[in-house]
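J.: Okay, here's what each chain looks like letter by letter:
Protein chains: 2
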Amino acid sequence: MSSERAVPAEQRVWTLRRAEKQRRMQRIAPFLAGKIAQSEDIAALLEGVLEAGDRVVLEGDNQKQADFLSTALSELDPRRIHDLHLLISSLSRPEHISLFERGIARKLDFAFAGPQSLRLAQALEDGLLEIGAIHTYVELYARMFIDLVPRVAFLCADCADRNGNLYTGPNTEDSPTIAEATAFRDGIVIVQVNEIVDELPRVDIPGDWIDVVLQSPKPYAIEPLFTRDPRQINELHILMAMLVIRGIYERHGITSLNHGIGFDTAAIELLLPTYGESLGLRGKICRNWALNPHPTLIPAIESGWVESIHCFGSEVGMESYIAARPDIFATGRDGSLRSNRVLCQLAGQYGVDLFIGSTLQMDADANSSTVTRGRIAGFGGAPNMGHDPRGRRHASAAWLELLRGQAPVQRGRKLVVQVAETFQYGGVPAFVDELDAVDVGRKSGMPVAPVMIYGDDVTHVVTEQGIAYLYKAEGEEERRAALAAVAGVSPVGLRSNPAMVERLRRAGTVAFPADVGVSSLEASRKLLAARNMADLVEWSGGLYRPPAKFRNW
Amino acid sequence: MSSERAVPAEQRVWTLRRAEKQRRMQRIAPFLAGKIAQSEDIAALLEGVLEAGDRVVLEGDNQKQADFLSTALSELDPRRIHDLHLLISSLSRPEHISLFERGIARKLDFAFAGPQSLRLAQALEDGLLEIGAIHTYVELYARMFIDLVPRVAFLCADCADRNGNLYTGPNTEDSPTIAEATAFRDGIVIVQVNEIVDELPRVDIPGDWIDVVLQSPKPYAIEPLFTRDPRQINELHILMAMLVIRGIYERHGITSLNHGIGFDTAAIELLLPTYGESLGLRGKICRNWALNPHPTLIPAIESGWVESIHCFGSEVGMESYIAARPDIFATGRDGSLRSNRVLCQLAGQYGVDLFIGSTLQMDADANSSTVTRGRIAGFGGAPNMGHDPRGRRHASAAWLELLRGQAPVQRGRKLVVQVAETFQYGGVPAFVDELDAVDVGRKSGMPVAPVMIYGDDVTHVVTEQGIAYLYKAEGEEERRAALAAVAGVSPVGLRSNPAMVERLRRAGTVAFPADVGVSSLEASRKLLAARNMADLVEWSGGLYRPPAKFRNW
Chain A
27 MSSERAVPAE
37 QRVWTLRRAE
47 KQRRMQRIAP
57 FLAGKIAQSE
67 DIAALLEGVL
77 EAGDRVVLEG
87 DNQKQADFLS
97 TALSELDPRR
107 IHDLHLLISS
117 LSRPEHISLF
127 ERGIARKLDF
137 AFAGPQSLRL
147 AQALEDGLLE
157 IGAIHTYVEL
167 YARMFIDLVP
177 RVAFLCADCA
187 DRNGNLYTGP
197 NTEDSPTIAE
207 ATAFRDGIVI
217 VQVNEIVDEL
227 PRVDIPGDWI
237 DVVLQSPKPY
247 AIEPLFTRDP
257 RQINELHILM
267 AMLVIRGIYE
277 RHGITSLNHG
287 IGFDTAAIEL
297 LLPTYGESLG
307 LRGKICRNWA
317 LNPHPTLIPA
327 IESGWVESIH
337 CFGSEVGMES
347 YIAARPDIFA
357 TGRDGSLRSN
367 RVLCQLAGQY
377 GVDLFIGSTL
387 QMDADANSST
397 VTRGRIAGFG
407 GAPNMGHDPR
417 GRRHASAAWL
427 ELLRGQAPVQ
437 RGRKLVVQVA
447 ETFQYGGVPA
457 FVDELDAVDV
467 GRKSGMPVAP
477 VMIYGDDVTH
487 VVTEQGIAYL
497 YKAEGEEERR
507 AALAAVAGVS
517 PVGLRSNPAM
527 VERLRRAGTV
537 AFPADVGVSS
547 LEASRKLLAA
557 RNMADLVEWS
567 GGLYRPPAKF
577 RNW
Chain B
27 MSSERAVPAE
37 QRVWTLRRAE
47 KQRRMQRIAP
57 FLAGKIAQSE
67 DIAALLEGVL
77 EAGDRVVLEG
87 DNQKQADFLS
97 TALSELDPRR
107 IHDLHLLISS
117 LSRPEHISLF
127 ERGIARKLDF
137 AFAGPQSLRL
147 AQALEDGLLE
157 IGAIHTYVEL
167 YARMFIDLVP
177 RVAFLCADCA
187 DRNGNLYTGP
197 NTEDSPTIAE
207 ATAFRDGIVI
217 VQVNEIVDEL
227 PRVDIPGDWI
237 DVVLQSPKPY
247 AIEPLFTRDP
257 RQINELHILM
267 AMLVIRGIYE
277 RHGITSLNHG
287 IGFDTAAIEL
297 LLPTYGESLG
307 LRGKICRNWA
317 LNPHPTLIPA
327 IESGWVESIH
337 CFGSEVGMES
347 YIAARPDIFA
357 TGRDGSLRSN
367 RVLCQLAGQY
377 GVDLFIGSTL
387 QMDADANSST
397 VTRGRIAGFG
407 GAPNMGHDPR
417 GRRHASAAWL
427 ELLRGQAPVQ
437 RGRKLVVQVA
447 ETFQYGGVPA
457 FVDELDAVDV
467 GRKSGMPVAP
477 VMIYGDDVTH
487 VVTEQGIAYL
497 YKAEGEEERR
507 AALAAVAGVS
517 PVGLRSNPAM
527 VERLRRAGTV
537 AFPADVGVSS
547 LEASRKLLAA
557 RNMADLVEWS
567 GGLYRPPAKF
577 RNW
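Same order as they appear, the protein sequences are chains A and B.
Sequential numbering of the first sequence, starting at 27, is according to our numbering.
Sequential numbering of the second sequence, starting at 27, is according to our numbering.
Calculated directly from the structure, the hints in this document are not laboratory data.
Computed from a predicted structure; not experimentally measured.
There may be inaccurate statements among the hints.
Result set (EDC-like, lysine to aspartate or glutamate): computed pairs, CA atoms no more than 20 Å apart in a straight line [claimed, not checked]: (1) A:Lys47 / B:Asp360; (2) A:Lys47 / B:Asp353; (3) B:Lys133 / B:Asp103.
Construct all of the structure, not just a fragment, from the sequences and the given hints.
T.: Shown next, in the form of structure tokens:
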């Protein structure tokens, strides 16, 4: 051995985490029969398994919620359990904030806080919590394997057997990833299930990775987040959808893609079997999707447009429809969907050629954000797909069409499309001089403004005025001019110069509807393959069962 | 329903893949007892399960190889089974090429072809195969969920039980991802295992996802790819390692990182407990790693530098050492490593602040490649970490230090460091006017040159001359001047201008060793915490057991 060994050999113990786990598991042993605990023992179980300051994952996904566990956590005595460091991808339930208000948790790393974003901002202002960082979903999971290793994870699943094997049903979502990050670092994995059964329909997560299972008094909470009622799609949505189909999908030959959630993209989905069909595009565009099971995609699926869909999560009401379409969706032996957020994010980042999403606000450089004043909404998953993945190396026709760099060293580019009406509901302009996100970031003490999609990653912007092919613009000034050309009479659009716009049109950097063969007059709701929820149900042959709040017919 | 429904309702069947699977499973039923097949039936089994033109995954990982299955495949009768479309992440065995030479396979999507890259180039020139695309590992997996859905997957694992549950041991690598992509699309998953046992040490993949298991006559092949003998580390490696530690890790406060494989990074690892310790940096840098278990990291681990390591795969000989250090490595209930390429790539992309790798060739714009003439080597995994992940949103101190963009819309940046000696062995310059990759791409008909790391993603270049802080350069010209300043007497370096270099040094855009407090005279092998393989074994307390080819003491 070298004489330079600088640190004297210590008798270091290398199994502290394992010993700590054993100690805690012994503490809760009285409440366990094998791996099974009883829901009435939940408080004692949590107090036995936790210690103040622990780093804890609470499953809070985009859709499903370990709500029995989060509620029980929020009711603990903060004199015993306090200052937890909470990792939660989607902070979406009232008790998630109560945990901080009561002092049970102190530090927060999260990705999305939609429904609780106002209360979160308030709690932050009141000094009730410290934010580690605001992530996208996959970043937060990535750090669970690096420097945010969990001590305890609280998950939810549909069923477990007595060995702790889990069946998640269609909403597998983030559970396997969190379980893997925790279980293989000698963390403790506790799962609430809707039911404990003798035999599972299929195994989604091996029982080997699970320490404690308990049947919750009622099924875990889940919200239909990806359902858009076609009734709310208007002519502007339809016009923009036509522009996208002709000016982007047809033009660039987009076969693999991801759609964000919104009425703009729902309109595209509903125009494929009508407008798209009339253009002879079936089989030529929109074949392979990274997408949650949007009900508005049913008509396109039924019309033979879709070859495959891989899902981040599922969607309430779509279970039977998906189960009857295994050639399209990833399904298990039991027939139901297998979703997986990490793998679908991977597919959405590296495996498809286009991302398209709606935005509420965009600045003159095409930076955009859905953040509104006073809220800390987080990022969710959009940034992971709404950027040019510079680690990509495989070529496709669409990717190569946006070739950039100087020969001989060049690379293609992912299409990142942003859709916005120039004015939002209530006459608020969508194109602004400064994003609200800048102010939110400043006031909340964030190190950088919470921009959802950065302008330099955006290749196309679509408004009811036309399409800005930003990737074709040469230099910053031309790029801004192209964007202004489609920004209407908003503050950004008013700076547009007609002579410049004509030059950009001739260069193909800007296109108005007529330039891509779209007539605004044709933009009618008659083009929608389904005009309401009942139509979607009919398209599905009765297999789609909308949740009560969408049963408006 | 809308009257515009364009496509007449067909009586489409939506379960073709499932029916096809059943049909094929029935064909091989005579060879199965439950899920277990016998190795002597392999030819009949393969002929029963496959059809001409199938899309097939062959596990071919970075490390472990389903060699019994690939050999059996390559011996089939090409009159019966031909024109397969092969997805293989690492094309590394002779029979992988034989499959194309014999006409059994026709189309190839792959990520890496190191050992077979010459034969691959030849087979391509001979018109024996068609390349779908050359990917990085995770891109290829991503596409398995989108448009390259597998019909059959051939995998390998350490053990299976009679229900098909799999134990992978430390080299989990890509198996769970491929199994998930295949099993949930009604594909057929066939696994060769070293042993069939009654009870598994742990479950890595649920048997539910597996169709056929067979015990192969001998254990699957695996190579030690991440072992670097400290004996081969020279003073130049050590000098560059000192530059990295002082001028990058210390300066930017790098706590989470990924090291590529090479003698440069091995030198850094071996300098932490000596040089790093003398600088008082323990606990301040290099705590959390996304990294295969490099034996050269043992001294740093033993000296208390390392908090955690998450691994893509494992490394032959490191099994017992890892099992004895569960506070550092992700391990299962059985004590052995759990690796996972996709999750570690995710962590390496989104969860760490720095990537550093060695390169053999770099052009004046800092584009680099390890491709050499006549070879089609592919990309492997480096590009997924060696780029600025623009989908990242969470901030860290190191990321924020490289802030870019115009206020108020800015973002930080990942540190992407490339290390190169200005001249390679044999006097070949590393800095060149045109990368060999450009010529290889042209001759092989690739749509773009196979660049490993693009210059615009690189933030720092380190040579024995000094460090170019490329991220600080303003404009292309200054960037090139900064790189030329450290490129020695290579064609690129000869264009350097002394006055400009002085200006860049004063601005901190270029640093020579003395500028960061490094003395070339101190760069001695005495600084290595281990100078040979025997030292590494001793540091490990005898737990590390180097493979035979490294037992040179």
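J.: If a hint holds in the structure, say so; if it doesn't, say that too.
T.: Status of each hint after checking the structure:
1. A:Lys47 / B:Asp360: Distance ~15 Å between Lys47 (chain A) and Asp360 (chain B) Cα, so the pair holds.
2. A:Lys47 / B:Asp353: Judged against 20 Å, a Cα distance of about 12 Å means the pair holds.
3. B:Lys133 / B:Asp103: Holds, because 18 Å separates the two Cα atoms, which is no more than 20 Å.
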